[in-house]
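**Student:** Take a look at the letters that make up each chain.
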Amino acid sequence: MAEQNWKENRSSFFASALGPLLWTLVFFIVPMGIVWAYSFGRNAGLTEIDLVGTLDNYKRATEWLYLSIFAKSFGVAAMVTLICLIVGFPVAMAITFASEKWRPWLLLGIMLPFWTNLLVRTYALMMLMGSQGYANKALGGLWGGASWLKTLIGLEPLPTWEPVQLLFNNFAVVFGLVYVHLPFMVLPLYSALDRLDRSLIEASLDLGAGHFRTIMKIVVPLAMPGIFAGVMITLIPALGAYLTPDLMGGTDSQMIANVIERQFKRANDWPFGAALSFMLIYAMFILIALQGLRKKPAETH
Amino acid sequence: MTEAKLPIISIQNITKRYPGAPVAAVDNVSLDIMPGEFFVLLGPSGCGKTTLLRMIAGFEIPTSGTILIDGQDMAAVPPNKRPVNMVFQSYAVFPHMSVEQNVGYGLRIAGVGGDEISSRVREALELVKLDGLEKRKPDQLSGGQRQRVALARSLVMRPKVLLLDEPLSALDAKLRAQMQFELSDLQDEVGITFVTVTHDQDEALSMAGRIAVMNKGEVAQLATPSDLYEYPANRFVADFVGSVNLFEGKLTLDEPDRAAVDCPGLGKVYLNHGVTGSHGSDVWVALRPEKIYLHVPGEGKAIRAAAQDAPEDHNLARGHIKGMSYLGDITLFEIKLDSGAMIRVSRPNLSRHDQEDFTWDDRVSMHWRADSPVVLLS
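Residue numbers (our numbering), protein chains in the order written: chain S, 4 to 304; chain F, 3 to 380.
To be clear, the hints were calculated from the coordinates, so they are not data collected in a lab.
Even for Gly, the Cβ is constructed at its ideal location relative to N, Cα and C.
Check each hint, because a few of them may be wrong.
Covered, in the sense of this in silico footprint (three residues per stretch, anywhere, with C-beta under 8 angstroms from a C-beta of chain F), are these stretches of chain S [what the hints assert, rightly or not]:
1) 190 to 203
2) 210 to 217
3) 221 to 231
Using the sequences and the hints given, assemble the complete structure.
**Tutor:** Written out as structure tokens, the structure reads:
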């Protein structure tokens with residue numbers, strides 16, 4: 004197809020851009036603008052908000068209590084991203100190097116969860132992880148088996164099985180978030196690895212490197228764009244995760260999105276909720292800006 | 003070297019069968035490659051030559067058979083432990099490393115000291131004439147330069163054998179011709195055994211010490227370039243290496259010092275040496291286009307020329323020119339023989355006006371010398 008310069012076809016260019024522009028304006032920019040304006044407002048009565056241009060909401064948002072929740076959310080999101088990367092990289096490699104016959108099925112297996120509602124998936128995971136869930140039943144079965152084996156060789160049986168508390172704690176939140184976000188990590192990694200010239204790997208092996216060193220020195224550096232994309236695409240939604248900490252977390256595992264939700268609903272403090280929301284958005288802006296900075300030197304060389 | 007030479011690579015009854023494939027990619031191939039040799043595996047695509055090379059490198063595992071490198075069985079040796087290095091068809095230069103880092107990669111992996119790495123890298127880059135480009139990244143290099151990086155990266159490892167997978171196929175014609183010479187010189191200089199895979203017969207003939215022509219997973223012939231060209235063992239080799247006219251015929255005379263074949267298409271063919279066939283058996287006569295002399299109208303000269311080393315009426319043919327292509331150094335003729343068969347003749351343009359001697363539909367006669375035809379049994 005011939006490349007068309009939009010400058011030569013201004014009218015048709017604007018005509019085709021108008022719809023998406025309007026859509027973005029009405030359904031994204033305007034609501035965001037309203038929320039942004041609220042963040043400088045003050046509650047006046049039950050439903051009224053005075054836009055007084057105060058910075059009080061931001062002042063409150065930077066109080067230690069909220070900053071610590073921000074920090075914790077970052078910590079959880081970073082850990083989730085790291086686990087996703089560590090788990091996802093071998094998965095992406097396995098898919099890349101699977102035979103032609105298997106690859107589409109493995110990719111389907113990665114994408115299948117997207118076809119199910121997040122809520123349904125989360126509840127399913129909770130049923131698995133509950134104190135009477137399958138995970139605990141399996142562990143209990145193993146425990147019983149071990150106990151029986153011990154009696155078989157004449158030793159004292161193990162004490163009775165106490166179900167492990169898998170749910171409603173920080174572990175559950177991280178686990179649930181990893182579960183939800185793993186596909187987001189695997190797909191960009193896969194697309195980066197799939198583009199990798201196989202002969203580069205063979206060349207590295209040929210020059211005496213083992214598999215591990217080949218991965219660390221050749222595959223990982225060349226998959227860097229995919230790793231970065233995967234990290235961003237996992238970190239940002241994980242940072243704003245709401246449902247998973249809400250359902251699977253304990254009292255101490257709320258993340259910033261849960262706090263924001265509370266401001267809008269129970270506390271009915273929209274201006275403060277708006278300020279918290281924008282703190283999160285600013286943080287994401289910074290992350291994306293960092294990615295932009297990283298890209299620059301790669302392009303100029 | 004004064005000691006008796008043992009093969010550096012010994013391939014013994016190697017077969018490679020891919021699951022689900024109806025025929026073996028490499029079918030019971032045995033051959034020995036001697037130290038210091040420039041060995042070429044030549045064949046059309048899908049003949050198994052690359053598979054064989056990759057089995058030597060260790061990237062493919064033979065279904066059966068043994069590969070010995072320097073007398074050592076390679077069955078349990080992974081690619082990174084084999085004393086061979088490979089130059090890949092795509093060159094496989096690491097894009098995230100500079101020229102210097104690429105060439106030094108194997109040495110760093112091997113744990114060689116920093117000073118030795120830099121001196122050996124410098125040496126290798128000088129060898130392939132890339133000195134001065136140490137800091138460049140691969141995307142700042144031309145295709146030819148990237149290939150030199152790949153060469154240097156392998157040579158710096160001082161392998162016993164250097165494997166080259168279609169080393170010149172990605173280069174343009176001029177550069178390819180130049181690299182053919184350079185590769186030969188380089189091989190002389192470093193004295194390492196080169197094993198090259200190619201589908202390009204010119205490349206093979208110009209560089210190789212010995213060539214194994216492969217067809218359908220088997221070695222069709224293993225010989226020096228000139229033997230391959232002048233004494234092809236079968237129709238496949240005759241046809242694949244160079245261009246050839248093939249005629250079916252019956253052996254009418256077979257004595258130690260002479261033989262004759264009666265070809266319905268070509269006429270009576272006389273040879274001044276014997277062939278290993280039996281009287282009356284079906285054979286093929288292969289005749290190279292450049293070994294046929296074309297005579298200007300009037301048959302007398304042709305008859306006299308043929309009669310010099312063959313009985314009357316042998317090694318003579320007559321026909322009409324049906325096609326001509328002027329290639330500068332030579333002119334190619336397509337001639338329809340009186341029998342109806344087509345024959346290709348090439349004629350060097352020894353003087354500037356030679357191409358004016360003949361034109362379309364001219365009646366011509368041809369003769370060839372008694373040592374020119376090759377009789378093929380298969």
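**Student:** All hints are to be evaluated individually against the structure, with a verdict given for each.
**Tutor:** Outcome of the hint check:
1. By the rule of at least three residues with a Cβ nearer than 8 angstroms to a Cβ of chain F, the coverage given for the segment 190 to 203 of chain S holds, with 3 such residues.
2. Note: the segment 210 to 217 of chain S has 5 residues with beta-carbon separation from chain F under 8 angstroms; the three-residue rule is met and the coverage holds.
3. Counting residues of the segment 221 to 231 of chain S whose CB lies closer than 8 angstroms to any CB of chain F gives 3, so the stated coverage by that chain holds, three being the minimum.
Checked against the numbered hints given earlier, the structure satisfies every one of them.
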